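Residue numbers (the numbering used here), protein chains in the order written: chain A, 1 to 400; chain B, 401 to 892.
If you are wondering where the hints come from, they were derived from the structure by calculation, not from laboratory data.
Be aware that a few hints might be false.
To be verified - Below, a list of computed lysine-lysine pairs in the BS3-like style, where the Cα atoms sit at most 25 Å apart: (1) A:Lys128 <-> B:Lys886; (2) A:Lys21 <-> A:Lys200; (3) B:Lys662 <-> A:Lys197; (4) A:Lys128 <-> B:Lys659; (5) B:Lys662 <-> A:Lys21; (6) A:Lys200 <-> B:Lys662; (7) A:Lys21 <-> A:Lys128.
It should be emphasised that the depicted structure is a prediction, and the values quoted were computed from it without experimental measurement.
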Amino acid sequence: MGAHRFSDEITTSLQRVAFEKSVSWVVAGAILLIVAVPLFSIEWTHTLRTVVLGGAVLGVVCGALGSFAVLRQQSLLGDALAHTALPGIAIAFLVSGRSLPALLLGAGVAGWIGVLLIRALTTTTRLKQDSAMAIVLSSFFALGLALLAYIQGRGDASQAGLKSFIFGQAAAIVERDVVVLALVGGAVLLVMIAFWKEFKLITFDPEFAHTVVLRARAIDLVLSLLIVIAIVLGLQLAGVVLMVGMLIAPAVAARQFTSRMEPMVLLAAALGGLAGGGGAFVSGLDAGLPTGPLIVVAAVSLAFVALAVAPGRGVIWTWLAERRDRRNFAAQNVLSDLYRHCLSHDDPMQITDESMLVNLRGDAARIALRQLQREGLVHGDGRLWRLTNAGVDAARRLEM
Amino acid sequence: MQGIETIIVQLLVSVFSPEQINAFLGDPRTVAVIVGSMVAASGALLGTFLLLRRMSLTTDAISHTILLGIVASFLFMVFVLGVEPDLSSPLLVIGAALAGVATVLLTEAIQRSGLVKADAALGLAFPLLFSIGVLLIARFTSNIHLDADSVMVGEIGLAWTNANSYCLERCDPVVITPDDPRAETSRICTNCERDAISPRSSQAVFETACANCGTYSAAEAWRLRLIPEAPVLVYFPRAIGVMSVITLINLLFVGLFYKELKLSTFDQGLARSLGFRPGWLHYGLMILVSIAAVGAFDAVGSILVVAFFVIPAAAAYLLTDRLAPMLALAILIGVVGAYSGYDLARGTLFGIIQISDVLVLLDRVIGLGGQTTWDSSISASMVLTTFMLFVLAWVFSPRYGLIANFARRRWQRQEFAHQVLLAHLYNHGDQPEERAEASLHEHFRWSRERMRWVLSGVRAQQWVAVEGGLVTLTERGAHEVLDFRKTNLQVQ
Chain A
1 MGAHRFSDEI TTSLQRVAFE KSVSWVVAGA ILLIVAVPLF SIEWTHTLRT VVLGGAVLGV
61 VCGALGSFAV LRQQSLLGDA LAHTALPGIA IAFLVSGRSL PALLLGAGVA GWIGVLLIRA
121 LTTTTRLKQD SAMAIVLSSF FALGLALLAY IQGRGDASQA GLKSFIFGQA AAIVERDVVV
181 LALVGGAVLL VMIAFWKEFK LITFDPEFAH TVVLRARAID LVLSLLIVIA IVLGLQLAGV
241 VLMVGMLIAP AVAARQFTSR MEPMVLLAAA LGGLAGGGGA FVSGLDAGLP TGPLIVVAAV
301 SLAFVALAVA PGRGVIWTWL AERRDRRNFA AQNVLSDLYR HCLSHDDPMQ ITDESMLVNL
361 RGDAARIALR QLQREGLVHG DGRLWRLTNA GVDAARRLEM
Chain B
401 MQGIETIIVQ LLVSVFSPEQ INAFLGDPRT VAVIVGSMVA ASGALLGTFL LLRRMSLTTD
461 AISHTILLGI VASFLFMVFV LGVEPDLSSP LLVIGAALAG VATVLLTEAI QRSGLVKADA
521 ALGLAFPLLF SIGVLLIARF TSNIHLDADS VMVGEIGLAW TNANSYCLER CDPVVITPDD
581 PRAETSRICT NCERDAISPR SSQAVFETAC ANCGTYSAAE AWRLRLIPEA PVLVYFPRAI
641 GVMSVITLIN LLFVGLFYKE LKLSTFDQGL ARSLGFRPGW LHYGLMILVS IAAVGAFDAV
701 GSILVVAFFV IPAAAAYLLT DRLAPMLALA ILIGVVGAYS GYDLARGTLF GIIQISDVLV
761 LLDRVIGLGG QTTWDSSISA SMVLTTFMLF VLAWVFSPRY GLIANFARRR WQRQEFAHQV
821 LLAHLYNHGD QPEERAEASL HEHFRWSRER MRWVLSGVRA QQWVAVEGGL VTLTERGAHE
881 VLDFRKTNLQ VQ
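With the hints as extra help, turn the sequences into a complete structure.
This is the structure we're talking about:
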């Protein structure tokens, strides 16, 4: 009997997982369609289409990889990484001019150096992770600003786009950039899919991963590298200052709706695409508005909505559930009060005055009586109450 | 704020002549260094406690979000009060303090919901508030003096230009009345425009009007050449006034609550059980951080502020274990960093290296387009020099530095090897085959080189003697082994 029920439970839980997975595919697809469909409408200018497409692609990549950053509790490392990329961008510009692959490479290398420096600080001194991050982040950012000021002093026209890395400027994305971004982003996602199982393992149980996987350290490195690449790609859109919002907000939002990895990454990617495309769209219409803040406001608002309404764990849901529990508890108390009153008079039809219950249980008793009345367990006129037959049965069950 | 400024000016005037003061406070470098030092000093004062309370990144978040407070107060001043916005208005400070506390509260609320980890909570709260600030700037403040550049790096280099003037002599305000010889009068046709007639027409009615009548302060009167002799004026940069007040507040806070801060930082539980209110101190600290950040905003922008809080404190943390010296060292490091930072922005690093020489070299190697002059952001350079000081502390700190650590570890390894060798010789004193010099290294699985290094070490101490290929423990060595066992292994 027990074994039978257990296997049943497994079947239902497997069914639920499969259901959740397929729902997440459908939802993610629907969200991406919302972004994609307007792309093919005729009224859009070529520039706007390019910018929105770039924004959506970057949003998808950042959302997907951001899930890992959030689950590994490395959100703020993403912030530090984005800031430390700035001097890399400036140096790459000095060495090779404004070519996107070179700038991305520079950003990636500088970000990586920043991460190593943070690690060196935390391992060789007694500084904690947060101080080490703040130190490296602010000094690298200062170096970046100093170099930008120097580059500005040269007064050549091509440096114009560099400043857009600070707050992000989708308008700076041209068609060739979108191709580069799509190729690199696609490669990142492919690697993520290829190492899916390993990444999942190392995210949820690093110690276990190190005991069962041969090259756990290398896999850890690959995952970190992918996160670095995602951040570096996103810099153009969100800017170094606000990159962290773009990275983690879609993942936080997605996390509220599901507790499984695959649906979470799918949903985060789709929400990232929505925020990225939407932010790029608004800033493409109005060049005065920097893209990064728009995207971040969109993405973080999504996250807050998710935190509020997510079924099963959102703030509103929890509040409602707690209220329901509180009321049920009060109703049970009032029911057994009535029953005891009956017992003490040896009469199941004994009438009880409402004010007595209010004295005993406070104002909650009034609400509880109305609830019991709706359930057909008590009968009364709003002042005097007695148990119904069903009420007597229910109370007897409670007292057992 | 005005009061403190007046006091400072009167103090200065009582010691120096107005010319000296103006020469001193009219120098961009002096003003930038003074303002930078005060930013660094107040940052270091608070930063020390923030570092110890592991709140460095909260500082980062606050320094971002005060932007929203500043912009909101700006818009409030422009659209609700309809007054000329001013970066040193107390409203700004209130707005920023509110924004700072709002950041902390928002983060704590997200965290308390239990749905998001602490790091992600911070990562959601401050990008949102900062984004709203940046968007408001982009949308509403195009005609107000507040742009993305000043948000990032501030304008410490221009701090000297924004000054209040104080008059010392010949200060009487000048009143120009229509019958004053200096009044510029003209006849204006009062009905020409209304009735559309020419001023030459006979119906035109004229009235004598005064173009420059009114009351002028002595400074204005001199500028318009209404008075023959210049009044004696002293110019006092506003940023210095603002930062002195903020530094003073921070000094007072830390001075008055030193004991409470110390206790609640190191042992919050004890502080609470003794009846202190760690929560109040926590929010007090957050408000002060916001105020210091808003004072520094004008000078160094909103993103670099965190460097002035964290880096000097961290450097001091690597140099000392005591709170009071740590505070003093942090302030010193911050001030030295600010001082040498100005020079770095103008092309000299610590008075030793000329950046332009480096640029000439780099230009030859990788090609920089021939630009070899270095004229960079002052606030960013101040952060860079402070960071270099931090790196110096990291490398050379006598107790926690890289070199000290390396030396200590090497010494410990050597010490360990010596004791292992001595113990081996002691245990095998009667087995010559265990003590043969040629094969001794095999017993420890050491390389021959390492064996030679260890052996030369113990021989130098005269703990062993080598005779005829055999390594023998000397009396001194045997004593050392017993000594070691007694003190470290508790063998009787």
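Now for the hints, and whether the structure bears them out:
no., hint, in the structure
1, A:Lys128 <-> B:Lys886, "violated, 38 Å"
2, A:Lys21 <-> A:Lys200, "holds, 16 Å"
3, B:Lys662 <-> A:Lys197, "violated, 48 Å"
4, A:Lys128 <-> B:Lys659, "holds, 24 Å"
5, B:Lys662 <-> A:Lys21, "violated, 53 Å"
6, A:Lys200 <-> B:Lys662, "violated, 43 Å"
7, A:Lys21 <-> A:Lys128, "violated, 39 Å"
When held up to the earlier numbered hints, the structure conflicts with 1, 3, 5, 6, 7 and fits the remainder.
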